[in-house]
Amino acid sequence: MYRVVLILLGVTLASGQSAPSPQEMLKGAVAAQQSGNFDEAIRTYRLILSKYPNIPEIRSNLGASLAGTGHYAEAIVEYKRALRLKPNAQVRLNLGLAYYKTADFTATVETLKKAREEAPSNLQIVTLLADCYLRLGQNKEVIDLLTSVQRADPSNQAFNYLLGTALVRDGQAAKGQFVIDRILKDGDSAEARLLMGTTKYIASDFRGALEDLQKAVELNPELAEANAYYGLALLASGDQANARKAFERELKADPNNFESNLRMGVILRQDEENDEALKYLHKALQIRPSDPGVLYQIASVELAGGQVDRAQHDLEALVRAQPNFLEAHVSLATVYFRQKKKPQGEHERAIVAKLNAERQASNEIGAKGQ
Amino acid sequence: MRVSACFLFACLLAYGMENSSVPPARSVRECATCHPAQAKPHPETSMAHAMELPAECEILKSHPVLTFRSGPYSYRIERQGDASTYSVSDGTQTISAPIGWAFGLGLAGQTYVYEYNGELYQSRVSYYKSLDSLDVTLGAQNTKPTNLVQAAGLLMSPDERVQCFRCHATDAADRKKLTLNSLVPGVQCERCHGSAENHVKAVKVGDAKGARMNDLRTMTSEQTANFCGQCHRTWDEIAGSGLTGVANVRFQPYRLISSKCYDADDKRIRCTACHDPHGEVSRSDASYDAKCQACHGGGKVQARACKVAKEGCVTCHMPKTELPGSHFKFTDHYIRVARAHAPYPG
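These protein sequence lines are chains A and B, in that order. Residues 1149 to 1518 in our numbering are what the first sequence spells out, letter by letter. Residues 44 to 389 in our numbering are what the second sequence spells out, letter by letter.
Hints are computed from structural coordinates only; laboratory data are not their basis. Please note that the accuracy of each hint is not assured.
To be verified - 30 Å max Cα-Cα, derived DSS-like pairs, lysine-lysine:
#1 Lys1490/A to Lys303/B
#2 Lys1261/A to Lys1323/A
#3 Lys343/B to Lys1490/A
Said to hold, decoys possible - Take a look, some chain A residues computed to stay more than 12 Å from chain B by CB distance:
#4 Lys1262
#5 Arg1436
#6 Val1456
#7 Asp1457
#8 Ala1505
Cβ coordinates follow ideal geometry from the N, Cα and C atoms, glycine included.
Please construct the entire structure, taking both the sequences and the accompanying hints into account.
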């Protein structure tokens, strides 16, 4: 996935050194990188860079080699240095991929947006950007990004799938169905089943969702998010044991799946395995920083584990950011009563009563309107 | 009590139960040896009969045949000896299963749990006392079964099984596992007080310190509401679920805490201030007047005296409210000045 840039062979380097020459060293490093001998490549690139630190192509090659060995944090540093020396869409895409690998999807998006400005027709950037938006739960961004792209190439099933997923998750079932139909033209597929199952899940048709999602998993057990949504449908049907297995399967294939990390955290919290729960929840928070649902679950674990002051701190921050988050106010009331802070507890209960009354009124208006 | 060995064995296989590490529940009689005032009246209470085995279930015994029809499905509960069989037919096929447990004493209604194909189901029809017959179980009215299995009952998820059995019986679950082998129907002493094994051992050797158990009398109003709310639902659970409207009338701790006069620190408003957990709940409205007057009779500065009456407080301030589908009027524990035609609060 990391393309090696070989244009450096034409670069003139300072001469007068003993063999091997810099050009030969570079050739050897590139060959080592291409053959997968990343450690050798890294060693040689670093040696060259110690003498000629401002050659962007060698910096980016070093970044690619570091990424090849899984040292993404170091790769990010090298890619950034390379980009400071010379902006380049491919290097920026590689930087985005390195961020992606560290599950920093916010940074990936920022990087890819710049890369797209530099190379608007690069479909790899578009695909990865759409995937990141989905992971961050930013469905509208995916729709904005892909609607025109997909219109230009309606037969591109990868775009159809990503756009369909975003539409379905955004609650635009009718438009989503249109895209699903396009996918179904190629026959029954795991992708189509996943989208249909997701649509039904969002519409609270859990039984229908379960059938489609089970089929999706059967058709392609490796399909990203198929197990996650299958797990969600199982959870909604009350089958927590099998839901847990589905989330575990998803995380085995993709440790950065947000829903699976979050749900595993919730399941483990309910099972009073608080330490384990926190591991998953912190991972989910890494994927979607400041996600209110995850922050609430973390506070709940803290509360269950007797860390009442910490839970208070986190819940207060949460309700400041999300003043209408009912469950957070409920938990904060509980915290205050445990701390014998009765006035604060009563204040939170009054907020809960107000929020519930507003919901009730809204539901009644909705019911009358139907 | 007669549960057939085969049935129990089937349950053991089906639910993957482990031998409970919890010792078997002590009988109320054993507790009554030292605590007669609390233990002796308890077997007659509704809580003690929150669950019954079919062999001992008065409703099933006194109704040898119960029938009901809903759309294309006909329901029948038939008594044979000490057992009752639940059957549902669509005219061509029939599902039958022996009733395993009867949930609820029947003051409002009684729902049945049965085993079918290795799973536990809650019957889709329940007995209602006010009707003296069967009707659709509360909560199932808006569901439309698409096959006979669904028409017969609602599949209980592992969580639901534990929640239901844990509240209607004693020693029914160890953490998240059902322990039907140790189950004692109904809310018995150890359901609230915890295992008395060490207590009894310590008492026998005169170890006063070792004999100590949690003293539930020291709980504040808030702690009591949360304690009773384990089964009657806590404020957190209901408020957090956003369940508004009359559907929440049966969740007394939630309603009580929503009351203006609720005070987390004042034991005069806690559940046990009005209800003796060891005795039957009083059905006499007048019996609660003194509880209200403890504050509103001058005992608490913030509690104003009622301008209308000093008797029958609960008849106005805790109106009985019918929960649709339950065929029963629940006492609304949201204590308030209930005005005529005012919408249901909360």
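Hints, verified against the model:
Simply put, lysine 1490/A and lysine 303/B have alpha-carbon atoms about 14 Å apart, close enough for the 30 Å limit, and the pair holds. With a CA separation close to 26 Å, the supplied pair lysine 1261/A and lysine 1323/A stays within the 30 Å bound. The suggested pairing of lysine 343/B with lysine 1490/A holds, with an alpha-carbon distance near 18 Å, which does not exceed 30 Å. For lysine 1262/A, the requirement that its beta carbon stay farther than 12 Å from each beta carbon of chain B is met, with the minimum near 42 Å.
No Cβ of chain B approaches the Cβ of arginine 1436/A within 12 Å, the least distance being about 22 Å, so the stated non-interface status holds. No beta-carbon of chain B is positioned within 12 Å of the beta-carbon of valine 1456/A; the least distance is around 14 Å. Look at aspartate 1457/A: its CB is around 18 Å from the nearest CB on chain B, clear of 12 Å, so calling it non-interface holds up. Not every CB of chain B lies more than 12 Å from the CB of alanine 1505/A, the least distance being 8 Å, so the non-interface label is violated.
Checked against the numbered hints given earlier, this structure breaks only hint 8.
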